[in-house]
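Construct the complete structure from the given sequences, taking the supplied hints into account.
Add 35 to the 1-based position in the sequence shown for the numbering used here, that's all there is to it.
It is worth saying that the hints were derived from the structure and are not from the lab. There could be a bad hint or two in this list.
[To be verified] The list that follows gives simulated cross-link-like pairs (lysine to aspartate or glutamate, EDC-like), each with its CA atoms no further than 20 Å apart:
#, residue 1, residue 2
1, 361, 222
2, 273, 248
3, 273, 331
[To be verified] FRET-style restraints, in silico, Cβ to Cβ:
#, residue 1, residue 2, range
4, 136, 343, 20 to 30 Å
5, 152, 341, 11 to 21 Å
6, 223, 275, 28 to 38 Å
7, 116, 354, 52 to 62 Å
8, 333, 181, 47 to 57 Å
9, 130, 225, 52 to 62 Å
10, 275, 361, 42 to 52 Å
11, 136, 191, 21 to 31 Å
12, 217, 105, 52 to 62 Å
13, 83, 116, 17 to 27 Å
Keep in mind that this is a model prediction, so the values were computed, not measured. We put the beta carbon where it would ideally sit given N, CA and C, even for glycine.
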Amino acid sequence: MYNIATGIDFFYTLAVDKISDGVSTINFRQLRAFREVMIAGSISEAARILYRTQPAISSLIADLEKDLGVKLFVRQGARIHPNPEAHFLFDEADAILNRLETVKATMKSISELERGEIRVVSMPGPAAFFLPDLIARFVDGKANIHATLNSRTSRQVQRLIATQQFDVGLADFGFGVADDSRLIHHEHVKFYGLCAVLANDPLANKDVITATDLNDRPLAVADRSHPIHTHIQSAFDKVGAKTNFRFESQYFLSSFTYVERGLACAIVDPFSAQSYKLYSGDANQIVFRPFEPAVEINITIMSPAHRPLSNVAQASVALLTAEAVKLRDKWPGADHT
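This is the structure we're talking about:
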């Protein structure tokens, strides 16, 4: 009876010798032919299964025996019988081939965007509702895609992408922290500020709300650390309107509470407007209108410049960019060129 321990010792010694000699040339086709011969019990049947000629299979087996320095089969007339060493090799060959087939299937699913990982870091506004909705649509029906979404300030987002810790970053552009970093690839999209007012406010009937319309009205805006704060002030100054910055917040989403309670109007970015529509559903009390003079809001979709992205990460960057452009074009009234 075949002794598995003896077989293991034999093949371990053989493998060491072959590697030391630099002559080990076992290949996939040899192992596959060997496995089929073992299962089928004959070279002719293995040839039929593999869609090869019988001489081709015989040649692969002969080459395998030569490379190993071991006689694997005893030929008796038209039949072949495996030697004890062949039984051990079968277990090893079957495990190797199964592993290769698993790898092939895995790589196929990765190439078809059915498996992988996405690591996204974003400024807080889009991270609350916009990006979870986008990620959910991207991974729907793809159970083997794992997604991570973290929220940080725009400055921190740039640093995290520069240090290659995330695949995709979404942030305001213009803070000067890593705007010119060679470690970051930027996709810039220019947005324009929107005015958020209650649906029953008379201003909601206008197609465009102007700084003059908001003269001295209480406003909810981003705080002074955000570039948009200065842009809003400049827009009011341009037409001689007075600003009344009653509420200042670190994040645009905070402004909607003040608007819903009738305490202020707000000037926000389109990501926040879209997030509000997503979380409020049919119960939204706020409408959004283009604001003039135009207030530029520059955002950047970032990825590491010197680390190749997986197929899934590349697809997520492309989708986010396309959705950002679609969102930009959703709001008329400003020149998007």
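Subject >> Range agreement (Cβ of residue 105 with Cβ of residue 217, hint 52 to 62 Å) >> reply: Holds - the Cβ-Cβ distance for residue 217 and residue 105, about 56 Å, lies within 52 to 62 Å.
**OP:** Given the hint of 52 to 62 Å, check if residue 116 and residue 354 actually sit that far apart at their C-beta atoms.
**Re:** holds (58 Å)
Original post:
Do the alpha carbons of residue 273 and residue 248 lie within 20 Å of each other, as the hint requires?
Top reply: Status holds; Cα separation ~14 Å.
Original post:
Does the Cβ pair residue 136, residue 191 satisfy 21 to 31 Å?
Top reply: Violated, since residue 136 and residue 191 (Cβ atoms, about 43 Å apart) do not stay within the stated range.
**OP:** Could you say whether the range 52 to 62 Å given as a hint is met by the Cβ separation of residue 130 and residue 225?
**Re:** Hint holds: Cβ distance 56 Å, inside 52 to 62 Å.
Subject >> residue 223 paired with residue 275, Cβ distance criterion 28 to 38 Å >> reply: Because 32 Å falls inside the window, the suggested range holds.
Subject >> Distance restraint hint 42 to 52 Å, applied to the beta-carbon atoms of residue 275 and residue 361 >> reply: violated (35 Å)
Original post:
Taking only the CA atoms, is the gap from residue 273 to residue 331 under or equal to 20 Å?
Top reply: Holds - the C-alpha atoms of residue 331 and residue 273 are around 14 Å apart, at most 20 Å.
Subject >> Holds or violated: residue 361 to residue 222, with C-alpha atoms at most 20 Å apart >> reply: Holds: residue 361 and residue 222 sit about 14 Å apart, inside 20 Å.
Subject >> Distance restraint hint 20 to 30 Å, applied to the beta-carbon atoms of residue 136 and residue 343 >> reply: holds (26 Å)
Original post:
Using the C-beta atoms of residue 83 and residue 116, is the stated range 17 to 27 Å upheld?
Top reply: holds (20 Å)
Original post:
Falls inside 11 to 21 Å, the C-beta gap from residue 152 to residue 341?
Top reply: 19 Å Cβ-Cβ, so the 11 to 21 Å window holds.
Hint violations for this structure: numbers 8, 10, 11, all remaining hints satisfied.
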